[in-house]
Amino acid sequence: MNILSSIVEKSTSLVSIPFVVEKTAKVIPMPLQIKGVHLFLKAKGKVWKGKPVPVFNESPIPDVSTLAIEDIDVSNPFLFKQNMWGSYFKRLRDECPVHYQKNSPFGPFWSITRYEDIVFVDKRHDLFSAEPIIVIGDRPEGMAIETFIAMDPPKHDVQRQAVQNVVAPKNLVEMEGLIRSRAVDVLDNLPIDEPFDWVEKVSVELTSRMLATLFDFPYEDRRKLAYWSDVIAASPETTGGECSADEMFLGAAEMATYFTKLWREKEAKKAAGEEMGYDLISLLLTNEKTKNMIDRPMEFMGNLALLIVGGNDTTRNSMTGGILALNQFPDEFVKLKKDPTLIPNMVSEIIRWQTPLAYMRRVAKEDVEVNGKTIKKGDKVVMWYVSGNRDERQIEQPDEFMIDRKRARNHLSFGFGVHRCMGNRLAEMQLRILWEELLKRFDNIEVLDEPEYVQSNFVKGYTKMMVKITAKAE
Amino acid sequence: MGSITFIEHDGNRHEVDIEEGSSLMQAALDNSVPGVDADCGGECACGTCHVIVDKKWASVAGIATEVENQMLDMTPEKAATSRLSCQVKVTEAMDGMVVRLPEFQM
Ligand code: HEM
Ligand code: FES
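Protein chains in written order, with my numbering: chain A, 1 to 474; chain B, 1001 to 1106.
Think of the hints as simulated: they come from the structure by calculation, not from any bench.
Treat the hints with caution; some may be incorrect.
Said to hold, decoys possible - With the Cβ distance kept under 10 Å, some of the chain A side facing chain B (calculated, not the full set):
| no. | residue |
| --- | --- |
| 1 | Asp157 |
| 2 | Arg160 |
| 3 | Asp404 |
Said to hold, decoys possible - Mimicking DSSO-like on lysine-lysine, the simulated pairs with C-alpha atoms at most 27 Å apart in a straight line are:
| no. | chain 1 | residue 1 | chain 2 | residue 2 |
| --- | --- | --- | --- | --- |
| 4 | B | Lys1055 | A | Lys155 |
| 5 | A | Lys123 | A | Lys377 |
| 6 | A | Lys123 | B | Lys1078 |
| 7 | B | Lys1056 | A | Lys123 |
| 8 | A | Lys224 | A | Lys261 |
| 9 | A | Lys472 | B | Lys1078 |
| 10 | A | Lys170 | B | Lys1078 |
| 11 | A | Lys123 | A | Lys365 |
A quick note: this is a predicted structure, and the numbers were derived from the prediction, not measured.
Where is the CB? At the ideal position from N, CA and C, for every residue including glycine.
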């Protein structure tokens, strides 16, 4: 969710780019402009804010007890990959809940690790700004797309209101049937009693289908949505990810081509007086305030990118995480099979347990004291939801996965305050549908090996998880 | 001791006793009124404890603060007398008050 959410920041050498793109939008097609920016940057060489793009080489992460507190650096993109994060954040919560790391590869930043403090920071958009980007690293040059996740009120509120109805519960009711039938089709075609990769065959496929439904996107090209999301959200300079700037720009250009075409097709349909659907573009086209959004390409692309990235690996990794959790806590699987009415509560518990987005970043707008430490104006502040969701001060037995947990909805995974996840009901619906349909068909879903994890300090997720499923006895 | 009535979107009514000093959200949760999620537990930070106060009772319930309105703006069901129930403190003056629940919390 990072690069494209990075918007408004004016990178010194390229101040004019967002402006130029906006002004020339009607003359030069957007994809060509994105390519232009890319070529320009390529010619300049691989520098980033005058520094080389960081290179991350994996090495084993030490036991946290061997480190001095000031040396703890939770921005390390291998912390989740090596599944070492639990002890690191526990130490911070216990010993130094508001922690300063002064020289990470992403520059200095504060870590907020306790539940209560995180709620405070997330609520106080008057003290902490989401601009210009919500990941730890700085924005890659030239990506000046506007997304409201990285805007402060009042601008944020206007932009969000323009698109939020597409994922409003009323609209979801309209989409549920189609989303379910597309999910059923995936599940009915899974191999039985033989190993396969759950991430690839189920999680990625289902989220791609869901997004294709949401956008009424050409169904046969749906995996492109997952691909764009992956390349857009995984550059080394923003989150320590593995995607190159080349891939990112090509992905963004291709995405712009597709969506411009889709918009024009729907526009023609509207002009011809045909009935409009419940998909995002149709809704934008039928709303007075947004019907000309394509003339504001940075906003158009930004909103699309935010939904594609926001709705993609978050839900995807919750689909994988739920299976893993039930394998690690087999009694809960038994409980679930006995009482499927627990599914909605379990969905919240899965989202807490997984915490698909590890954090959101803010910048202090003035000097602020948080839990005894003074954060200076201009400092980066990272709210580690992944830590707050395991804060024993707030949540009982937080490392346990309990599908009947009391107040399971009170977790941090969707954030709080004006930026609270816009897609949270859609995410919950998809997971609910998945589990309802899984329980109808399968008796067991066995995880065969340790899963493989994503390299990132932001996306907490999986690249591979081998499973074997057993069909329910007829 | 008086009571407050919650009416669900489908018309189901729930009368709950007034417990002075607690929030309207807490009153709903304590009495298992369906349709109030309260995801943030009363922090005015999630918007999922939305209620629409009956017009006659609007002045007793009071008006939404700026932050509250910002959260309420995220739901298409926002009405003139919408409140986040966690921000409404229950008083004896609310005896007989009627509040309606939206179709969806979001
Ligand atoms: C389990 C799945 C998901 C998780 C864990 C998640 C998490 C988050 C988080 C942490 C935020 C920022 C909250 C803050 O800053 O306080 C956010 C914002 C957002 N999410 Fe999600 N998300 C999920 C699914 C989705 C889906 C399915 C969509 C849409 C298709 C979506 C769209 C958005 C948008 C548009 C925002 C920006 C809201 C704003 O800034 O006002 N998310 N999400
Ligand atoms: S409980 Fe979250 S806003 Fe009221």
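Right, here's what the structure says about each hint:
1. Taking 10 Å as the C-beta cut-off, the interface hint given for aspartate 157(A) holds, the closest approach to chain B being about 6 Å.
2. This hint holds: arginine 160(A) has a C-beta 7 Å from the nearest C-beta of chain B, less than the 10 Å allowed.
3. For aspartate 404(A), the shortest C-beta to C-beta distance to chain B is roughly 16 Å, which exceeds 10 Å, and the interface hint is violated.
4. The straight-line distance between the Cα atoms of lysine 1055(B) and lysine 155(A) is roughly 31 Å, outside the 27 Å bound, and the hint therefore fails.
5. At roughly 17 Å between alpha-carbon atoms, lysine 123(A) and lysine 377(A) fall within 27 Å of each other, so this suggested pair holds.
6. At most 27 Å may separate the alpha-carbon atoms for a hinted pair to count; lysine 123(A) and lysine 1078(B) meet this at roughly 20 Å.
7. Annotation: proposed proximity of lysine 1056(B) to lysine 123(A) is violated, straight-line Cα distance about 32 Å (limit 27 Å).
8. Pair hint lysine 224(A) plus lysine 261(A) holds up; C-alpha atoms about 15 Å apart against a cutoff of 27 Å.
9. Among the hinted pairs, lysine 472(A) with lysine 1078(B) is inconsistent with the structure: their alpha-carbon atoms are about 45 Å apart, more than 27 Å.
10. Simply put, lysine 170(A) and lysine 1078(B) have alpha-carbon atoms about 14 Å apart, close enough for the 27 Å limit, and the pair holds.
11. Taking the CA atoms of lysine 123(A) and lysine 365(A), the gap is about 14 Å. The hint holds against a cut of 27 Å.
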